[in-house]
Amino acid sequence: MRLFGFVSIFAMVPVCLAQGDLFESKVRPILLARCSSCHGTSVQMAGKQFTTREGMHRSGSVVAGDVDGSSLIQAVRYAGKVKMPPAGKLADSEIAALEKWVRDGAVWPEGVTAPAVGTAGHWALRPVKKTAAPVVRDAAWARGEIDRFVLAKMEGKGIAPVGDADPYALLRRVTLDLTGLLPTAEEVAAFVADPSLEKVVDRLLASPAYGERWGRHWLDVTYYAETTGVGRRIPLPEAWRYRDYVIRAYREDKPYDQFLREQIAGDEKEENLAATGFLVLGPWAWFSYDRVQMRFDIADQQVDLVGRTVMGLTLGCARCHDHKFDPVTNKDYYAMAGIFLSTQTTARGNGNGGIHLRRFPETAAKLKEHAEAVAAWEKRVAEVEASDKIFKKEQEAVSAKMKDLPADSAERKALQAELAMLKKKTEFAGDRQILAFTKYAQPRWPQAYAAAEMEFPEDARIASRGDAHQLGDFVPRGVLSGVATGEAPPEVPPNGSGRKELAEWLTRPGHPLTARVYVNRIWHHLFGRGIVASTDNFGTRGEPPTHPELLDYLAARLVEEKWSTKKLIREIVLSRVYGLSSRAEGRASEVDTGNELLWRSNRRRLEVEAFRDAVLQASGRLELQGGGPSLPLTAQNVHTIAPFFLEDDSKIEGHVKYRRTVYQPIMRGSQMEDVDLLNVFDFKDPDQVVGVRSATTVPTQMLYLMNSPFLQEESRRMAEGTRGLGDAERVGRLVMATLSRPATARDVEQAKQFVSDFRAGLAKKDAGADAELGAWARYCQALFASSAFLYRR
Amino acid sequence: MTFSGNQDRRGFLRSLGGGFGSLALAAMAAEGAVDPLAPKTPHFPAKAKRVILCWMQGGMSQMDLFDCKERLKQEGGKKIPFTVNSTKIRSEETALLLPPVAEFSRVGQCGLTMSNLMPHLTKKVDELCWLRGMVTDSPAHPGAIRLFQTGSSQFVRPSMGSWITYGLGTENRNLPAYMVISPMLYGDDGSPLHYSSGFLPAIYQGMRLGDARTPVKNSKIGYLGDPTLPADLQRQHLDLIQARNRMDQEAAGADAGVDGLIQSYELAYRMQVQAPEVFDVMGESEATRQLYGIGEEATDNYGRKCLMARRLAEKGVRFIQVTDNGWDHHSKIGTGLRKSAMGIDKPLAGLLTDLKARGLLEDTLVVVTGEFGRTPFDQSLGGKREDAGRDHNPNCWTMFMAGAGVKQGLIHGETDEYGWKTVNGQVHVHDLHATILHLLGLDHERLTYRYSGRDFRLTDVYGKVVREVLG
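If you read the protein sequences in the order shown, they are chains A and B.
Quick note on numbering: our numbering labels position 668 of the first sequence as 668, and the sequence is numbered without any gaps.
Quick note on numbering: our numbering labels position 423 of the second sequence as 1216, and the sequence is numbered without any gaps.
To be clear, the hints were calculated from the coordinates, so they are not data collected in a lab.
Every residue, glycine too, gets a C-beta built ideally from N, C-alpha and C.
There may be inaccurate statements among the hints.
Footprint (simulated), chain A over chain B, 3 or more residues, beta carbon under 8 Å [to be verified]: (1) 1023-1034; (2) 1040-1048; (3) 1114-1122; (4) 1197-1208.
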């Protein structure tokens, strides 16, 4: 029976509960997630709108009861000329749901005629639901549930995964992904002899480098940097403690819920003081004539930080009005803002007192240790001063003798030479340098930038258009009313800021966003693209998940495994899909160019940290120890004697310079000249929450790879380290050190040819130079500068 | 070790894979070119060969500069007589109409009434093509900037410069095809995405010189050359790098990212030779530097940028963006706007004069605009009425173009009596994009790139060429 249209059905058929259910649980989510960006409230391509009852009616795309006569069904079946959605066919189950809905009369319940985008219907706010992995045709391919989720999607599209990666590529991939370093020649040999990935993964997860790699990933979604101020480089010499806290947390596999609780409200316990660096280190000016507005602006950025980082929501929008797209009201915003307004971030009193510092507790042992350090330092100062005095006296004595001698006498010339020697001795004694820095190196009582509770917590008042001077109603401190966790929202006690309650609420197993957002971040780092590509935006303006069931499976697994990051990573990297080859071939490369369905491994540029660390590792210069202060000494003791600004020409201290990149000083604005490559290769802007690093390819980078002293020096060093070896062995060592695989005959042939040609060229230019070494150095540089090194595949 | 041209070509072709769109492939086949930046024939003949976008980030105040409103002058200080749609535009309860902060007079023959804030530009009005009915979608910077720069306020898309470079290639293989001078990189308003190539091949990405925080005279493209190595050995070294890149493509399969890398290397190598000289504006005559206001405190920075733009245009660079920021006058607009206007007035007028004198205006399109306009009513962020400024207004603003293919002395579009809304001759950003492409000989509906199963365009499903402005 063909009915007249769509609206008549609404009027005639009483809404059957089951049909309404299908609409609410299946149909509307599909329309919202897959159709609304082009056929929604703001954009209506082809004049069609599918997010309201009226719109659907007017579109004429659905004929109630007539599945084959409904153009919407034709389009989603990809049966005719119009194929919708254009980005990719719906899953069979989704198409079936739409068909059933049309067949049953296309019921659109009256109450939801105009569903506001981003209310309870939004997928990310529904409870996490763990479903069994689907049955797949190629059951033998799948190693575990993750594989079945992924394969099912591919089979739905009629494509198949490519083959597995070769063992060299796989070991390089997993070592880079888990530690940010390259596998050593021994590790490569061991893996080839015993290709047990489990062993490798367990070794990597237990290595200290794992914490450095994944700690840095977390720092990307914080505002961590070691300077502050808007436009000013005011050093924050204790900021490293937060960085070290994060790295330690990953090494120890601190459960994610606990990790979050400590960062938001951990200052209750002294050992976690540094954890709240998460909240207090930020891109705010802590000098302003308008203190009220400043406090408010800081709280605003803290609300936004927690929103984006933990929940994938952009809460900042709600400062001035109810969020247009996500379920966050103006009131919700101020409920959370009150929590941070009741939290101390900057020092009290003096307007430019800086970030709030808290001293680590005094214990007898620590006091003793500190006193000893101070005494040793004082003794050292005295020694340096004394020896300096002796040097000075010696020099004065010589000068005095010279005074009355004729200008060109031999005796005077001899004395002049002696004086020059003495001056040199002073310079090189090292003590002079120490003297210059003694002040900066003065031992300090350990302290951390940390949040604290305000003495009198207060609720925030709605500020008209975000202006802290135009205040309206008070809003009780609390959490987002539109995000349900299955439990009653927490009550904030009158004598607390509410941070503890906020942290407790965020880490409830029933919170729909926290686990989803976190597992998606992990997935992003391992696959180069999140299941939700917009890792920091799970709102309606973010991207929908490519594998929603898998996302929920992983979120559920995280909570089941007591929020263990390592266990989750382990399960993911041991899947078959993680170990696929990166080669694009077959039908899949035409059907799914963007590799959304993960039929191959994504080839990705190394992040700048991994690139720099791998270069230093290959050249043998990398210093694996790390931790502790990273700013130049001249930026230490900033609150007493050091200059208030970090000078533009500051140098990184020698003992820090060759450590892993995560331990280098991190500035706001641009990075220090010694680590200029961070500016060139897309390092993360510390002022932003950056879940997805950009990976640009621009000639500036190629100029760096060809011409930077850094790469040239490390290449030369690597060439020096292999001097004296036969050509084949030398190439073998170099290729293994950079590309983690044995050299091929072609590699060796190419190297020999290049070195022989280039050596001749160099010799012609400068007969005195070590042309042999120069040519090999350039060969090494070419290894670093080409795609096999720059990319992880 | 070197490769012969044939091997080179095969390597490139092999590496192309499915990564390039139909237009590029068609052009390559037609011209036997293997290189995506080779000059391509446009869809139809056109005068404009390149674009200089003078980007006034923050939003210029139309009713204080170009769009004189008598009623606003008369009713300044009175209540807002029209309804402000609160979901789109913010307004304070206390907001009142703010009269223009500068004096206006009728200038030139075209009938434009312009304020006295830009005396040098005033002399050029008859050579410019004025659009007074510009509209955009978003009242906030991030969305409005993204829409202007990429055609989408919501999604990551290729930038306009990338589309144009993709469509036309470049005339000078020794310089970047697409240069962005001093863009904002940080905060909600700045992002490398504004000049990114999105899903287009990476080679079409804009090359940045400096950033908004750094005076352009202190900005340089780093590591431009290696003084220790003679040119022939540098080439030999690069040949090894490229040979290894191709070996990797063979071993691991084609990859668009590696394609971009290979092409970027060639470009970088050629840039080493030409770029240092092009960016050195001090090589110009004293008279030219003065024309642009170089050496004067207020205009030195923008003057240098404009002169660089002319030098790049002269060398055949396809798309040049010359950024000025700081137009977001929410408060103290009286003093702030004066300063901003002064900073660009002489440099812009100098650029137009210079381009014309060298015949470059014949085939160069100059576009001057920000992302939206400003409100006729005031905003007192500091609380004091005398410090008032104006808020963002996506409903209308004034921009202008000059040069190849556009009518001179035309005033297109009209706003209401207060400068609040466009009433006539509305031009949406999508329409402007369509028009700019048209002026370059590109049909905005045919300049497409297939990505993830769909043909994308700069103008998405929108855009209508503004025929009225075509010369």
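Going down the list of hints, with the structure as the test:
1. 1023-1034: holds (count 9)
2. 1040-1048: holds (count 8)
3. 1114-1122: violated (count 0)
4. 1197-1208: Since 0 is below three, the answer is violated.
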